[in-house]
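Peer 1: Could you put the whole structure together from the sequences, leaning on the hints where they help?
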Amino acid sequence: MNKFSYIPNTEADRKKMLDVIGVQAVEDLFTDIPEKARFKGDLDIPKALSEMELTRLFNRLASENKNLEDYTNFLGAGAYQHFVPSVVDSIISRSEFFTAYTPYQPEISQGVLQAIFEYQTIVCELTGMEVSNASVYDGQTALGEACFMAAGATRRNKVLVAQTVNPDYREVLKTYAYGQNIEVVEVGMQNGLLDRADLAAKLDDTIAAVMVQYPNFFGSIEDLKWIGEQAHAQKALFVVAVNPIAMGLLESPGACGADIVVGEGQSLGNSIAFGGPYLGMLATTKEHVRRIPGRVVGQTKDLDGRRAFVLTLQAREQHIRREKASSNICSNQALNALAATVYASYMGKQGMQELASLNLQKAHYAFKRLTSIAGVEPLFTAPFFNEFAIKINGNVADVNRKLLEHKIIGGYDLATTYPELEGGMLIAVTELRTKEDIDTFAERLEAIL
Amino acid sequence: MRQEQDNKLIFELSVPGRISYSLPELDVPEENIEDLIPVDYIRKSPARLPELAELDLVRHFTRLSKRNHGVDDGFYPLGSCTMKYNPKRNERMARIPGFAQIHPLQPIETVQGALELMYNLQLELAEITGMDEVSLQPAAGAHGEWTGLMMIRAYHEARGEQRTTVIVPDTAHGTNPASATVAGYRTVTVKSNERGGVDLEELRKAVNEDTAALMLTNPSTLGLFEDQIIEIAEIVHEAGGLLYYDGANANAILGYARPGDMGFDVVHLNLHKTFTTPHGGGGPGSGPVGVKSQLIPFLPKPRVEQQGDQFVLNWDRPQSIGKVKGFWGNFGINVRAYAYIRTMGPDGLKRVTEDAVLNANYMMARLKPHFDLPFDQVCKHEFVLSGRQFKKEYGVKTLDIAKRLLDFGVHPPTIYFPLNVEESIMIEPTETENLQTLDGFCDIMIQIAEEARTNPDLVKNAPYNTKVNRLDETTAARNPVLRFEYTADL
Numbered sequence: 001m002n003k004f005s006y007i008p009n010t011e012a013d014r015k016k017m018l019d020v021i022g023v024q025a026v027e028d029l030f031t032d033i034p035e036k037a038r039f040k041g042d043l044d045i046p047k048a049l050s051e052m053e054l055t056r057l058f059n060r061l062a063s064e065n066k067n068l069e070d071y072t073n074f075l076g077a078g079a080y081q082h083f084v085p086s087v088v089d090s091i092i093s094r095s096e097f098f099t100a101y102t103p104y105q106p107e108i109s110q111g112v113l114q115a116i117f118e119y120q121t122i123v124c125e126l127t128g129m130e131v132s133n134a135s136v137y138d139g140q141t142a143l144g145e146a147c148f149m150a151a152g153a154t155r156r157n158k159v160l161v162a163q164t165v166n167p168d169y170r171e172v173l174k175t176y177a178y179g180q181n182i183e184v185v186e187v188g189m190q191n192g193l194l195d196r197a198d199l200a201a202k203l204d205d206t207i208a209a210v211m212v213q214y215p216n217f218f219g220s221i222e223d224l225k226w227i228g229e230q231a232h233a234q235k236a237l238f239v240v241a242v243n244p245i246a247m248g249l250l251e252s253p254g255a256c257g258a259d260i261v262v263g264e265g266q267s268l269g270n271s272i273a274f275g276g277p278y279l280g281m282l283a284t285t286k287e288h289v290r291r292i293p294g295r296v297v298g299q300t301k302d303l304d305g306r307r308a309f310v311l312t313l314q315a316r317e318q319h320i321r322r323e324k325a326s327s328n329i330c331s332n333q334a335l336n337a338l339a340a341t342v343y344a345s346y347m348g349k350q351g352m353q354e355l356a357s358l359n360l361q362k363a364h365y366a367f368k369r370l371t372s373i374a375g376v377e378p379l380f381t382a383p384f385f386n387e388f389a390i391k392i393n394g395n396v397a398d399v400n401r402k403l404l405e406h407k408i409i410g411g412y413d414l415a416t417t418y419p420e421l422e423g424g425m426l427i428a429v430t431e432l433r434t435k436e437d438i439d440t441f442a443e444r445l446e447a448i449l
Numbered sequence: 450m451r452q453e454q455d456n457k458l459i460f461e462l463s464v465p466g467r468i469s470y471s472l473p474e475l476d477v478p479e480e481n482i483e484d485l486i487p488v489d490y491i492r493k494s495p496a497r498l499p500e501l502a503e504l505d506l507v508r509h510f511t512r513l514s515k516r517n518h519g520v521d522d523g524f525y526p527l528g529s530c531t532m533k534y535n536p537k538r539n540e541r542m543a544r545i546p547g548f549a550q551i552h553p554l555q556p557i558e559t560v561q562g563a564l565e566l567m568y569n570l571q572l573e574l575a576e577i578t579g580m581d582e583v584s585l586q587p588a589a590g591a592h593g594e595w596t597g598l599m600m601i602r603a604y605h606e607a608r609g610e611q612r613t614t615v616i617v618p619d620t621a622h623g624t625n626p627a628s629a630t631v632a633g634y635r636t637v638t639v640k641s642n643e644r645g646g647v648d649l650e651e652l653r654k655a656v657n658e659d660t661a662a663l664m665l666t667n668p669s670t671l672g673l674f675e676d677q678i679i680e681i682a683e684i685v686h687e688a689g690g691l692l693y694y695d696g697a698n699a700n701a702i703l704g705y706a707r708p709g710d711m712g713f714d715v716v717h718l719n720l721h722k723t724f725t726t727p728h729g730g731g732g733p734g735s736g737p738v739g740v741k742s743q744l745i746p747f748l749p750k751p752r753v754e755q756q757g758d759q760f761v762l763n764w765d766r767p768q769s770i771g772k773v774k775g776f777w778g779n780f781g782i783n784v785r786a787y788a789y790i791r792t793m794g795p796d797g798l799k800r801v802t803e804d805a806v807l808n809a810n811y812m813m814a815r816l817k818p819h820f821d822l823p824f825d826q827v828c829k830h831e832f833v834l835s836g837r838q839f840k841k842e843y844g845v846k847t848l849d850i851a852k853r854l855l856d857f858g859v860h861p862p863t864i865y866f867p868l869n870v871e872e873s874i875m876i877e878p879t880e881t882e883n884l885q886t887l888d889g890f891c892d893i894m895i896q897i898a899e900e901a902r903t904n905p906d907l908v909k910n911a912p913y914n915t916k917v918n919r920l921d922e923t924t925a926a927r928n929p930v931l932r933f934e935y936t937a938d939l
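Going line by line, the protein sequences match chains D and S.
By our numbering, the letter at position 211 of the first sequence is numbered 211, and the numbering carries on one by one without gaps.
Numbering-wise, our numbering comes out as the position in the second sequence, counting from 1, plus 449.
Hint data in this document are derived by calculation from the structure and do not stem from the laboratory.
Be a bit skeptical, because a hint or two may be false.
Straight-line Cα separation of at most 27 angstroms, DSSO-like style, residue types lysine-lysine; simulated pairs [what the hints assert, rightly or not]: (1) D:LYS391 with D:LYS368; (2) D:LYS349 with S:LYS457; (3) D:LYS47 with S:LYS799; (4) D:LYS3 with S:LYS537; (5) S:LYS817 with S:LYS841; (6) S:LYS817 with D:LYS15; (7) S:LYS799 with S:LYS741; (8) D:LYS324 with D:LYS158; (9) S:LYS457 with D:LYS301; (10) D:LYS235 with D:LYS202; (11) D:LYS324 with S:LYS640; (12) S:LYS817 with D:LYS16.
Peer 2: Laid out in structure tokens, this is it:
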């Protein structure tokens, strides 16, 4: 009997195959591995588990995590808990999608190709840009790719990034930039927004790009038009990292002069999953389309004149251009992009606006409610969307530990990445939080402080 | 003749006023939006997203799914991509709320199970590859390559050396040279010898004090094990360079050979290939990197570590190359890969490799009499045929053969790669396919070979049974239409 359900060959099958090959034993097919390179022992990993045992093990591991279905969550800071409608998992679980690979054979891959074409359209609509790629790994790496695009387009090797951009994005950006010998210079902040004077001081004709986030890490809304004008005055590209949910309410970066828009598409129907897999959105103008990284789907016709879709502009890509490619990316986040496409289609034109409005209203209610507590103050006064920073009279980590006892996951401790913001807590409020959730959070916080 | 006309885009199905969404009423006092956000910042015209009722939305995407071929639909011998079965139980594990519904920045004591899983996966991948430590942060194979090269660069720089080149064989995946460029290196390509391996003389000429690393896929993209690997490692190490293992073909060596024992210093794995996580129509993948001890200080931060009975994220890594991705990597994919490794155990993984290699050699033996086999020797998990005789004698290209295969409900092999084989056809069956499937595919290939000889136009005009015919790819690239454009009446 076979021991492994994923391997169909029986001993009889093996025997028959070995006869056709003309060898005695399977081991004879490994004689090309030189003795010195041969692994002779048994791999020291745990023995095989049945499906039942596996399920038990995974349930045990999962139970040692406090999950957001059991806890009331106010943590965001780059990963957001939104409601994921049932249709999303239903569609992305169709194995014709999830067990396929990159659509190299378009005649039998029109499903994925058309879905990506629809995704590209949705990203363009949300961001106000002209072209989108088929996705990159996440918002952080998308910013890294945007940095390469900007350096290539301007032939300059220095970028400015606002300190109000998510620290995790800046960390990844620095790693990407280092590889290409691009200098990353940070622009300071004031009142939770980019410091205009510091930008003016650092921006000159050696700068490839000015990079900001919208809303920024603190949830505050930067003045995109003004920043974009400054960037363009020095012929630098204007790069904006977005939260796509905010695009249901805020002016699109495209309408504010952005040259490249990146974003974390996780919010669009992807589960929060301890940080990944997420969805790197990347959109730009037609001018820069040939610098775009990774897969892009285009519309064409088949030989009978039918509309059809195909991977296109492949002359940019690694499998054709090799060392001269615009990026090394190959696998992307196609299934996450499909989830985003289903999600955005489910929300639709009207739903996306209502959703943004729910986020905005609830966050502002929470802001009012929390800042009315003695010992809690607003950290900044800038306008915000669904995330905001408060200053508490106490240690944020300690407070969060006490909140956990009440099944509340508190906000992000800003001192972790901004030591000067001791006592700062960044709070995200999405459509999932009810008035009751917010009131309870406020009551508990008040009792703790 | 195909009946089907243009398949509608979701935007063309949109009818103003229809909805799928279901949102709760606002339960907090409503404020004037203009009082909260400056009017200048408010969007003037909404994103034109489609408006459909829920059933129409579901039907649209279901229709799209039926226009797509996945592993669950049929054979998918796409060489170098390891299109094996994606176990359903892995999907179930990844969807447990304790994994799918946890925030990456939750207090560390509330995510101990997730960190334990990551820690154990790191250990097991290190054991499987013979490396000392593993990071799960890279999101995909190419991302792992670049991460590995960045570590190699940091290693040389820490020793005060500015090495500038990365050597790749001409059989390498395109991502190898592309990753080298992104990591700031110049690529030097070395030609293969007549046995499909690295030409040692060429390699000796190529290595020097500028050599940062050699990137090697072993078995190579020809499906051949590089039996000179020990000598190659010596040559590169003697010049002060490091050896990088592209793990795309790791399905061929589980339990039989480990990159660490072959002399490699850095390795990446594609969990979406060898370790059964789904390819998702192009992703997400996961591309962990493993290193030998001298490179541990340079691994991406934070590291998942065990301190006493606690699992922690250690950020105190002064020599780390930094972060390469948001948060801690594609966790959901890593959960699936861990489920697979625990399902197979050491015996199972070894059996995976045995049957992957057996299946490939069996197909090679069956197809050899009918196709040109440029490298006629034992292969590993895949092998490469050439269609050059059909092109030369009958004008039937490898592309035509691939398109004809579509009519039989199988996904064609990888074609026109590797680049050093003319009209190449790269076949990777994987261990999850049964003998009847392998025989069925071989029979089809033999039939197509016969058709090419007797009725070449039949092959040249294929496919006949697909939803769409061959596409005009030239126009698509020349006049790119990359999004749906609304017309006034929509």
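Peer 1: All hints, please: hold or fail.
Peer 2: Right, here's what the structure says about each hint:
1. Taking the CA atoms of LYS391 of chain D and LYS368 of chain D, the gap is near 13 angstroms; set against the 27 angstroms cutoff, the hint holds.
2. Taken as a hint, the LYS349 of chain D and LYS457 of chain S pair is honoured in the structure, with Cα atoms around 19 angstroms apart against an allowance of 27 angstroms.
3. Restraint check for LYS47 of chain D and LYS799 of chain S: the C-alpha separation of about 12 angstroms stays at or below 27 angstroms, so the hint holds.
4. Of the supplied pair hints, the one linking LYS3 of chain D and LYS537 of chain S holds, its CA atoms being roughly 18 angstroms apart against a limit of 27 angstroms.
5. Using a Cα cut-off of 27 angstroms, the hinted pair LYS817 of chain S and LYS841 of chain S holds, with the two alpha carbons roughly 18 angstroms apart.
6. Taken as a hint, the LYS817 of chain S and LYS15 of chain D pair is honoured in the structure, with Cα atoms around 20 angstroms apart against an allowance of 27 angstroms.
7. Distance hint between LYS799 of chain S and LYS741 of chain S is fulfilled; the C-alpha atoms sit about 23 angstroms from each other, no more than 27 angstroms.
8. Taking the CA atoms of LYS324 of chain D and LYS158 of chain D, the gap is near 21 angstroms; set against the 27 angstroms cutoff, the hint holds.
9. Among the hinted pairs, LYS457 of chain S with LYS301 of chain D is consistent with the structure: their alpha-carbon atoms are about 14 angstroms apart, no more than 27 angstroms.
10. Taking the CA atoms of LYS235 of chain D and LYS202 of chain D, the gap is near 14 angstroms; set against the 27 angstroms cutoff, the hint holds.
11. For the hint linking LYS324 of chain D to LYS640 of chain S, the alpha-carbon distance of about 19 angstroms falls within 27 angstroms, and the restraint holds.
12. Restraint check: the Cα-Cα separation between LYS817 of chain S and LYS16 of chain D comes to about 17 angstroms, which is no more than 27 angstroms; the hinted pair holds.
When held up to the earlier numbered hints, the structure conflicts with none and fits them all.
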